[in-house]
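J.: Spelled out, the chains give:
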Amino acid sequence: MKRKPVIVICLALSLSACASLGVKPWERDLLAKDEMALSADPVDLALDDHIYFSKEAASGGRAFAGGGCGCN
Amino acid sequence: MRQIIILFCLLSFGVIAQQAPNFNLSDPALGSRLSDLKGKVVYLDFWASWCKPCRHSFTWMNQLQAAYGEQGLVILAINLDAEPELAQAFLQRHPASFHIQFDPQGNIAEQYQLLGMPSSYLIDAGGTLRHVHQGFFTDKQPVYHQQIKTLLGERYTEQLMTSMGTQK
Amino acid sequence: MQLNQRNNILGALTAATCTLLGAPAVSQEAQSVEEPWKFDTAILYYGESERVTAVEGVFSATKDFGNEHIFNGKVTIDGLTGASATGAVPQPTAQTFTRPSGKDEYDIAATEIPLDDTFRDTRVQLNGQWTQPAWQDYRVSGGLHVSKEYDYLSMAVNGALAKDFNQRNTTVSLGLSYAFDSIDPEGGRPVAFASMPLKRDFASEQQYQDAFDATRLTGSDDKNTLDLLLGVTQVINRRTIMQLNYGVSAVDGYLTDPFKMLSVVNTQGLTQALVYENRPDNRTRHNVFWQTKYAMDSGVADISYRFTTDDWDIDSHTLDSRLRYNLSPNTYIQPHFRYYQQSAADFYQPYLMASDGLPQFASADYRVGEMTAFTLGVKYGVLLDQGKELAFRLEYYQQDPKNPGFDAPGVLQDLDLYPSVKAVMAQVSYRF
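Taken in sequence, the protein lines are chains A, B and C.
Just so you know, we're using full-length UniProt numbering here: the first sequence kicks off at 1 and counts up by one.
Just so you know, we're using full-length UniProt numbering here: the second sequence kicks off at 1 and counts up by one.
Just so you know, we're using full-length UniProt numbering here: the third sequence kicks off at 1 and counts up by one.
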């Protein structure tokens, strides 16, 4: 029960901190690389997820990616 | 700061009307400053080798150069790669029939407050920023064509009126 | 005033000259910038020592139809054979079990952990996902999922909306998914805590069959899963990107494993009966997932941490790290380390005490018990021309179930109630 406010605070902090973070659109050369995508190698991740889903009690957590390549 | 905010507001409509920020040109054939290109319509593009949609925009700009180059359109593509050799490798694979200038520090991009890659700006013959295109989307191309034709038409009319004026 | 007049004339003349300029050589139709299809294929072998063996094949196809309208379709086929822990405890003497179908029996040697070796299943899974930009700075995505195996059917739909802020340095996304699963296990679903009948205890085949049927429910059962995911992705600097997700998952329906049972033991630790397990019919889980990727000059570091907690009292921590190191411009090696830890469900019991009577819910499935697990692996990839890539992956996975605090009675003290599970994974992937 005590965890929920903590999560909310974390989210709020990370959001408010966002405005001062980041790069200019032309500084995304490294982030645009395929291997820098948050869900790089989706097939590996899906296979792993399936194994761990069937062998452990917890699952999920990772989402579809945002960001990564800034190429619009 | 206010300038940035106004620019931002205007950008959301894709229509702007302010003097294009000036910068030095690296190709002496074009002139020494962007302002030297007054009298021409300028299509100013910003690209990088790592930007995937930029490959398509190169094909498109080559076609624009072929179609409107004779009618007074100058295409200037500013490269923003931090490592120039990557840009050279890209140009080997995607040859350009238009002007290329290198801005590895992003100084010109900073002046134009780019919002994404690629971005392009249409500057009329009077040196005024008229349209901004963020990203490269083929479904917007008919609109871009119309904008270029309108600016070229204005330029042609200006020339016509100037010559009429001098005759009188 | 004069200026205005001039502008009006300008406008009129412009309209006229535009037509004079004529049609340009370039087609004004939106030109097609469709990307070619991209394919990701992989085959994975998963083998546990003395238990399950699985082979899984994936064929995934992605196409950008232009303007970032992207389709991904995926077919996954897997085959599973081997033995799986039943939940029953080992005994100092040999044990006999009835197979889930009721048609047959199998024996487990003294001191061995009871495994049911009848598992043989083939699963086919289809996924389709469509993603495209919408309005300014938004992306929408929608997908379908169907998975079918002999006794199980799963169907799901998902939808997500993402918005970029702050020069696309911040992305906020919201996703929803609904899944419907239907299960119709071989031999029917067991009645909760029904005692497993053994043929030898009955005078005739018919009497045994009647007794077995009495332990089974007819027809299929189902469950509904609703998932909600809220994510924030943030570019930190030119080399670092971070993601933080919060997810909640609510499952409602048949959550019992029809193939799992519990031993009912006396104070000497000797099995008196074997009863089928029973789990609550709903579960709500919260999870927080944090991931950071860092671009080095020579590769990429990828670290993630996940915390989950649910109303079954299972808390879990997962730490996952991959370090991609580029050996040359077109080869890389990627070590992988994963650590996992979970606490036991409140209804987890390694066995039931005959003297205690039956609880409302109980399961001896080690997968809802306390455990730690780790994975050690390495991947080697070769980048070929035109975006093709060939990669090999080899991993070792070990699960170490733990006693969450039960004092084993009698003979159980000398038996291994929490054996480790060791598995090897080998994968070949090809992208073209």
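The reader is advised that the hints may include incorrect statements.
[As the list claims (entries may be wrong)] Cross-link-like lysine to any residue pairs, in silico, SDA-like; alpha carbons within 25 Å at most:
| no. | chain 1 | residue 1 | chain 2 | residue 2 |
| --- | --- | --- | --- | --- |
| 1 | C | Lys388 | A | Pro42 |
| 2 | A | Lys24 | B | Ile100 |
| 3 | A | Lys24 | B | Ala67 |
| 4 | A | Lys24 | C | Leu161 |
| 5 | A | Lys24 | C | Met296 |
| 6 | C | Lys38 | A | Ser39 |
| 7 | A | Lys33 | C | Ser328 |
| 8 | A | Lys55 | C | Met296 |
| 9 | B | Lys52 | C | Leu383 |
| 10 | C | Lys402 | A | Lys33 |
| 11 | A | Lys33 | C | Thr62 |
| 12 | C | Lys163 | A | Leu21 |
| 13 | C | Lys163 | B | Glu85 |
| 14 | B | Lys140 | C | Ser298 |
| 15 | A | Lys33 | C | Arg189 |
| 16 | A | Lys33 | B | Ala87 |
| 17 | A | Lys55 | C | Thr62 |
| 18 | B | Lys52 | C | Asp297 |
| 19 | A | Lys24 | B | Gly165 |
| 20 | A | Lys55 | C | His69 |
| 21 | A | Lys55 | C | Phe59 |
| 22 | C | Lys388 | B | His94 |
| 23 | C | Lys63 | B | Ile100 |
| 24 | A | Lys33 | B | Glu85 |
| 25 | B | Lys52 | C | Ser101 |
| 26 | A | Lys55 | C | Asp297 |
| 27 | C | Lys388 | B | Tyr121 |
| 28 | C | Lys63 | B | Glu85 |
| 29 | C | Lys379 | A | Asp49 |
| 30 | A | Lys55 | C | Ser101 |
| 31 | A | Lys55 | C | Lys223 |
| 32 | B | Lys52 | C | Ser298 |
| 33 | A | Lys24 | C | Asn237 |
| 34 | C | Lys74 | A | Leu21 |
| 35 | C | Lys388 | B | Lys140 |
| 36 | C | Lys163 | A | Ile51 |
| 37 | A | Lys55 | C | Thr372 |
Calculated directly from the structure, the hints in this document are not laboratory data.
Being a predicted model, the structure only gives us computed values, none of them experimental.
J.: All hints, please: hold or fail.
T.: Against the structure, the hints:
{"no.": "1", "hint": "Lys388/C - Pro42/A", "result": "holds (15 Å)"}
{"no.": "2", "hint": "Lys24/A - Ile100/B", "result": "holds (21 Å)"}
{"no.": "3", "hint": "Lys24/A - Ala67/B", "result": "violated (33 Å)"}
{"no.": "4", "hint": "Lys24/A - Leu161/C", "result": "holds (24 Å)"}
{"no.": "5", "hint": "Lys24/A - Met296/C", "result": "holds (19 Å)"}
{"no.": "6", "hint": "Lys38/C - Ser39/A", "result": "holds (16 Å)"}
{"no.": "7", "hint": "Lys33/A - Ser328/C", "result": "holds (16 Å)"}
{"no.": "8", "hint": "Lys55/A - Met296/C", "result": "violated (34 Å)"}
{"no.": "9", "hint": "Lys52/B - Leu383/C", "result": "holds (18 Å)"}
{"no.": "10", "hint": "Lys402/C - Lys33/A", "result": "violated (42 Å)"}
{"no.": "11", "hint": "Lys33/A - Thr62/C", "result": "holds (18 Å)"}
{"no.": "12", "hint": "Lys163/C - Leu21/A", "result": "holds (17 Å)"}
{"no.": "13", "hint": "Lys163/C - Glu85/B", "result": "violated (34 Å)"}
{"no.": "14", "hint": "Lys140/B - Ser298/C", "result": "violated (39 Å)"}
{"no.": "15", "hint": "Lys33/A - Arg189/C", "result": "violated (50 Å)"}
{"no.": "16", "hint": "Lys33/A - Ala87/B", "result": "holds (15 Å)"}
{"no.": "17", "hint": "Lys55/A - Thr62/C", "result": "violated (29 Å)"}
{"no.": "18", "hint": "Lys52/B - Asp297/C", "result": "holds (21 Å)"}
{"no.": "19", "hint": "Lys24/A - Gly165/B", "result": "violated (47 Å)"}
{"no.": "20", "hint": "Lys55/A - His69/C", "result": "violated (36 Å)"}
{"no.": "21", "hint": "Lys55/A - Phe59/C", "result": "holds (23 Å)"}
{"no.": "22", "hint": "Lys388/C - His94/B", "result": "holds (20 Å)"}
{"no.": "23", "hint": "Lys63/C - Ile100/B", "result": "violated (31 Å)"}
{"no.": "24", "hint": "Lys33/A - Glu85/B", "result": "holds (17 Å)"}
{"no.": "25", "hint": "Lys52/B - Ser101/C", "result": "violated (56 Å)"}
{"no.": "26", "hint": "Lys55/A - Asp297/C", "result": "violated (36 Å)"}
{"no.": "27", "hint": "Lys388/C - Tyr121/B", "result": "violated (35 Å)"}
{"no.": "28", "hint": "Lys63/C - Glu85/B", "result": "violated (30 Å)"}
{"no.": "29", "hint": "Lys379/C - Asp49/A", "result": "holds (17 Å)"}
{"no.": "30", "hint": "Lys55/A - Ser101/C", "result": "holds (23 Å)"}
{"no.": "31", "hint": "Lys55/A - Lys223/C", "result": "holds (19 Å)"}
{"no.": "32", "hint": "Lys52/B - Ser298/C", "result": "holds (22 Å)"}
{"no.": "33", "hint": "Lys24/A - Asn237/C", "result": "holds (9 Å)"}
{"no.": "34", "hint": "Lys74/C - Leu21/A", "result": "violated (36 Å)"}
{"no.": "35", "hint": "Lys388/C - Lys140/B", "result": "violated (32 Å)"}
{"no.": "36", "hint": "Lys163/C - Ile51/A", "result": "violated (32 Å)"}
{"no.": "37", "hint": "Lys55/A - Thr372/C", "result": "holds (12 Å)"}
Violated hints, in rising order: 3, 8, 10, 13, 14, 15, 17, 19, 20, 23, 25, 26, 27, 28, 34, 35 and 36; the structure is consistent with all others.
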